[in-house]
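J.: Single-letter residue listing:
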Amino acid sequence: MNTFFQIFQGIGTFVDSSALGMLARLSLLLLGGLLVYLGKKGTLEPLLMIPMGLGMIAVNAGMLYLDPVSAARSERAPQAIVSPADGSQSPAAAAEPARVKGNMLVEPLVKDNDNLMHFMGLDFLQPIYTFTFSNGLIACLVFLGIGVLLDVGFVLARPFESMFLALCAELGTIVTFPVAVGIFGMNYGEAASVSMIGGADGPMVMFTTLKLAPDLFVPITVVGYLYLGLTYGGYPYMMKLLVPKSIRITKTVKKPVRDISSGEKLAFAVIACGALCLLFPMAAPLFLCLFLGVAVREAELTSFVKLIDGTILYGATLFLGLMLGVLCSADVIFDPVVLKLLVLGIFALVLSGIGGIGGGYILYYLKGKKYNPMIGIAAVSCVPTTAKVAQKMVQNDAPGEIILPEALGANISGVITSAILCGVYVALVPIFQPILHHLAK
Amino acid sequence: MNVLWGTAALGADSVPAVISPVTVEPSMLTVITHAGIVYGIAIAISALTAILIKLMNVVMAARSGNEAEQA
Chain A
1418 MNTFFQIFQG IGTFVDSSAL GMLARLSLLL LGGLLVYLGK KGTLEPLLMI
1468 PMGLGMIAVN AGMLYLDPVS AARSERAPQA IVSPADGSQS PAAAAEPARV
1518 KGNMLVEPLV KDNDNLMHFM GLDFLQPIYT FTFSNGLIAC LVFLGIGVLL
1568 DVGFVLARPF ESMFLALCAE LGTIVTFPVA VGIFGMNYGE AASVSMIGGA
1618 DGPMVMFTTL KLAPDLFVPI TVVGYLYLGL TYGGYPYMMK LLVPKSIRIT
1668 KTVKKPVRDI SSGEKLAFAV IACGALCLLF PMAAPLFLCL FLGVAVREAE
1718 LTSFVKLIDG TILYGATLFL GLMLGVLCSA DVIFDPVVLK LLVLGIFALV
1768 LSGIGGIGGG YILYYLKGKK YNPMIGIAAV SCVPTTAKVA QKMVQNDAPG
1818 EIILPEALGA NISGVITSAI LCGVYVALVP IFQPILHHLA K
Chain B
135 MNVLWGTAAL GADSVPAVIS PVTVEPSMLT VITHAGIVYG IAIAISALTA
185 ILIKLMNVVM AARSGNEAEQ A
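Which chain is which? The protein sequence lines are A and B, in order.
Number 1834 in the working numbering belongs to position 417 of the first sequence; there are no gaps in the numbering.
Number 156 in the working numbering belongs to position 22 of the second sequence; there are no gaps in the numbering.
The set of hints was computed from the structure by calculation and includes no laboratory data.
Predicted model, so just to flag it, every value in this text is computed and none were measured.
All residues carry an ideal CB built from backbone N, CA and C; glycine is no exception.
Hints may contain errors.
Stated by the list, open to error - One side of the interface only, derived from the structure: several residues of chain A facing chain B at Cβ under 8 Å: (1) M1580; (2) V1598; (3) M1655.
As the list claims (entries may be wrong) - Computed from the model, here is a short list of chain B residues facing chain A with C-beta under 7 Å: (4) M162; (5) V172; (6) G174; (7) A178.
As the list claims (entries may be wrong) - Cut-off 16 Å, straight-line C-alpha distance, at most; resulting in silico cross-link-like pairs (EDC-like, lysine to aspartate or glutamate): (8) K188(B) - E1818(A); (9) K1662(A) - E1818(A); (10) K188(B) - E1681(A); (11) K1672(A) - D1433(A); (12) K1528(A) - E1492(A); (13) K1668(A) - E1681(A).
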């Protein structure tokens, strides 16, 4: 029987787990299948969910016993048995190699350079993880792609309205922070990182976590992206719950808007990029990538637009989904802190949705009931998903009613305010932390 | 400081909890104030962005008006 399990190590490692471990692997296998199904059905974002679901299945099915050298170098090992200085094994470890479970896809927890180089040559996704995930490059590439998709003309046409909605839709990003610190006992960096899930922008969650809570990078990113997929399927129910049908059919009065030239949009991108980088140098990579995308689009550099919109954005999304899936191995993801993250993540997203619709209601009353509050949900910046959700929902109740320009204005402003909040958190948390220590003394 | 940390690690009850950064627990009021500062700055910068856009709009509208007049 042992030989059987030695040959078929996927089954062997499964049988060799505790009941909880088996259940965890089984649940993640099923969850992976469910994500693929919901992605295909269109309930969740297929571009992300199909690679993610498959990655999740592969990593939880394809578990094996690492060879002794890899086991010694893996952070999954019960204790470090390789000397970082010369890479040599201790005699005890060499005599009795540990049976450490792992996979041939990625070792996200490895930090030591020698060990990292070992897994670079072993796990095929390790170079992608190390060179694009753990330094935030993939977040910036996705942001570059988002920049190319954004038509800032929608914001320029109605700046106050759009920015107001976007700030309301950051409710979750703000309220989750004190809740995470005060109730869940997280430190400021972790709390700020998990709060960013309320901004509903994956790249921003990744970037903030890398800067403020690198140890929680894997679970926060995975939880964040899992939930972002839910905005597509979950927000319509929230909208129906919060906005009665009599208000959902409100026709938004359209003001005549001046044509915004591409030169104006380019000028906005240049000024906004410069000003935001000046204010928040720590978040400069994100601002640069976002506004570079906008600038490339508005300068009509068609070759660059094709490259970024097609190759870079889709390539980054594919590997983002795949990597998020393979990071969901039972031993990495089933950390007690993940439960807190699951609760706080959904709390942040729900609050942001409520904030957005609340902002929509304020405009509804301010404009004499001639503004559809459903537009508010689009300010939760998950570009362009929430804007599409808002238009689809309004279309269902009031066929022929077009709110997409207003929704896209709020949507794009949402990206800008999320980036601002990311910059504020990244800049202020390191300042707040010493103040806390001082107060504690 | 290291001595204090070491003592804390040994589990000495007499050592105050505040010696380790992990055990610093800010009051809820402090945390809410900090969240308020974060939101305040975000609101100020977003408002400035909106004002900047509005100014750009006014300038551009005036310029296109002038151009139309000249034509």
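J.: With a cut-off of 7 Å, does the beta carbon of V172(B) approach a beta carbon of chain A closely enough for the hint to hold?
T.: Holds, because the Cβ-Cβ distance from V172(B) to chain A comes to roughly 5 Å (cut-off 7 Å).
J.: Once the shortest beta carbon distance from M1580(A) to chain B is found, is it less than 8 Å?
T.: At about 4 Å, which falls below the 8 Å cut-off, the nearest Cβ of chain B leaves the hint on M1580(A) intact, so it holds.
J.: Checking one constraint from the list: CA of K188(B) to CA of E1681(A), max 16 Å. Satisfied?
T.: holds (12 Å)
J.: What's the verdict on K1662(A) and E1818(A), does the C-alpha distance respect the 16 Å limit or exceed it?
T.: Distance ~14 Å between K1662(A) and E1818(A) Cα, so the pair holds.
J.: Less than 8 Å between beta-carbons is the criterion; does M1655(A) satisfy it with respect to chain B?
T.: Violated - the Cβ of M1655(A) stays beyond 8 Å from chain B, reaching only about 22 Å at its closest.
J.: With a cut-off of 7 Å, does the beta carbon of G174(B) approach a beta carbon of chain A closely enough for the hint to hold?
T.: violated (9 Å)
J.: Once the shortest beta carbon distance from M162(B) to chain A is found, is it less than 7 Å?
T.: The hint holds - M162(B) has a Cβ within 7 Å of chain A, the shortest such distance being about 5 Å.
J.: Is it true that the CA of K1668(A) sits at most 16 Å from the CA of E1681(A)?
T.: Violated - the C-alpha atoms of E1681(A) and K1668(A) are around 30 Å apart, more than 16 Å.
J.: For the hint on A178(B), just tell me whether its beta-carbon gets within less than 7 Å of chain A.
T.: violated (10 Å)
J.: K188(B) and E1818(A) were given as a pair; does the straight-line alpha-carbon distance stay at or below 16 Å?
T.: Violated, because 27 Å separates the two Cα atoms, which is more than 16 Å.
J.: Next pair to validate is K1672(A) with D1433(A); report whether the Cα-Cα distance is within 16 Å.
T.: Violated: K1672(A) and D1433(A) sit about 67 Å apart, past 16 Å.
J.: Below or equal to 16 Å on CA atoms is what counts here, so check K1528(A) against E1492(A).
T.: At roughly 8 Å apart (the allowed maximum being 16 Å), E1492(A) and K1528(A) satisfy the hint.
In summary, the structure is inconsistent with hints 3, 6, 7, 8, 11, 13 from the numbered list given earlier, while agreeing with the others.
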